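**Student:** Following the hints, put chain R in place on chain P, whose structure we already have.
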Amino acid sequence: MLWMIGVSAFAEQRFPPPDFESGHKLPEMTTPGPRALWLAWADVAVLAASLGGAVWLIYRKRSRKGLVALSLFSLVYFGFWRKGCICAIGSVQNVALALAGQGYAAPVTAILFFTLPLGVALFAGRAFCSGVCPHGALQDLVLLKPLKVPGWLEQGLGVLPFAYLGAGILFAATGSAFIICQYDPFVPIFRMNGRATMVVAGIALLLLGMFVGRPYCRFLCPYGALLKMGAVLSRRRVRVTPDYCTQCRLCSAACPFGAMREPESGRPTPKDLPKDRLRLAVLLIAVPLLIAGGAGIGWRLSATAARMHPVVSLAERYLQNREPAPRTGAVSPEQLELQRARENPRELLIDAARIRRQFDIGTTLFGAWAGLVIAAKLISLSLRRNRTDYEPDRGDCVGCARCFEYCPNELVRRGLVRENGSAPMVQSK
Amino acid sequence: MEAAPGPEVSRRSFLRSGARTAALAGMGGVLGLLAGKATGKEMVWQIDPQKCVRCGNCATACVLELSAVKCVHAYAICGYCELCTGYFEPEPNALNTGAENCQCPTAAIKRTYIEDPYYEYQIDEALCIGCARCVEGCNLFGNGSLFLQVRHDRCVNCNECAISKVCAGAAFVRVPAAQPYLLKTISH
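So the sequences go chain by chain: P and R.
Residue numbers for the first sequence follow the numbering used here, so the first one is 1 and each next one is one higher.
Residue numbers for the second sequence follow the numbering used here, so the first one is 430 and each next one is one higher.
Simulated from the structure, these hints should not be mistaken for lab results.
Computed from a predicted model, the values in this text were never measured in an experiment.
Listed next, the in silico DSBU-like pairs over lysine-lysine satisfying Cα-Cα at most 35 Å (straight line):
(1) R:LYS539 / P:LYS25
(2) R:LYS470 / P:LYS83
(3) P:LYS25 / R:LYS480
If you anchor each label on the Cβ, the simulated ranges turn out as follows:
(4) P:GLU316 / R:LYS480: 15 to 25 Å
(5) P:ARG385 / R:LYS470: 42 to 52 Å
(6) R:THR526 / P:GLN320: 42 to 52 Å
(7) R:THR489 / P:ALA253: 46 to 56 Å
Just so it is clear, CB atoms sit at the ideal spot from N, CA and C, and this is done for glycine as well.
Pulled out of the complex, with its shape left as it was, chain P reads as follows:
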């Protein structure tokens, strides 16, 4: 048997084992095993194949239908079949916890779920978001009538995923909690089971998602933030037109995720130049100030954040000798916890002090990161880009392939429209 046998029981045998005269045989305790390891590797293989399929569908086939089919498959496989676990979004935390050296060894499969989509993003953008991620697929499929989110709101909320990513890494690396999993709005839907608050949040996000395209992906998803950083550097990018841009703006109206960017002259007019320069100079000076300010605020919040860790919160309760409210009947879990603290307070306090120190560093870094994100956002908003065509933003485009069908030149390429006019051809073989 493959049991890991514990040390002999601490409870003494108060009663001797029975001496059956009837020859009664003791039943065996059943030990049903967990999911087989090869199935975890099958998940990795399906992920790799779907990523390849998504890249092929976006760049070669330019097919929205194909991506919808892939989305449905991912939704069924990674969503309802695998119940949203294992997922790349949560794998950030496994990697953070393993790197922080808390004695946790990340499974290779989790590391691959973290790396593969990110590696693809560096070469071909957010192919993972387009049709592999079950969260994205679910939101994409409920999108009914997309409304335009005003620019200021879009850009402002766009900072949130980066902050969420930082917080997720902070709490995972200190071993406090995996908040990205805990507050995942869609996994309870995949499981058809979960905490009421998260089920309600998930349904609310889906209702919102009928009118605002992919609200979780755009304004919350921490892994999306990572992929965005990768996609900005990507080698290939999604181009709407296969030929030249007719400036018809149809693609811009078609994008439900606010990712389309207008043509723009890279050079300012002589009148604007001094203003632009001044703004950029001010922002560049503000970068270190924002980072330092964020770090300062983060450092101040260290003690509060550390209370998220069960060891620290227990140590505080022990030191303050805070008795929980007595409960009728059984002893409450809080009382039992306090009892454990009293049995071995030294070890607990040493642990709590160590975790506190980790939080001092962690929250300071988190604050600096938040400052950096805000600074980077402001700078990116005040840079001029040289664009002649309508193009999707590298970072914001999730590769849903909706815009392709709206481009007149794409219709020409597909042979659905003649080059000289809009007269549709009879579809010939």
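**Tutor:** Positioned in the frame of chain P, the structure of chain R alone reads:
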């Protein structure tokens, strides 16, 4: 491939490919660091019965509606008592299956007569909610043959077990999936 029309674009694309190379190198570095710490073994959650304090959180904190933690029975340790303190409330009115006499809130323990004076106690896992009331009774006055375990046919193996974060005894540990149970044994 990278030849672009204006000098502006080519500078940008040069910076981009440089940053991409740096990002790839960074990812390689992270992978290298992880490689030292990674394990090909899958890990699963389990309760160390030596540390369990029977707080009752297992019944309520699991992400599943019906907790994946169940009571298991090490028959070899059991005394087969007629007055089982895991089965019966303290000072029961009568030694029968009446709900007012039983510890288990869901009647998940089946009590079978074997021979005088021995009774066998079996857990019906479909009914057990993992509240540990029977475990507490068995540990207080009996042999401690009832204890809680994460049942891996039910557990969805969350990244971070929700019960482990509220476990009053800090009894939740990750164990290799090849040896997924921490069982009690006796040395006699």
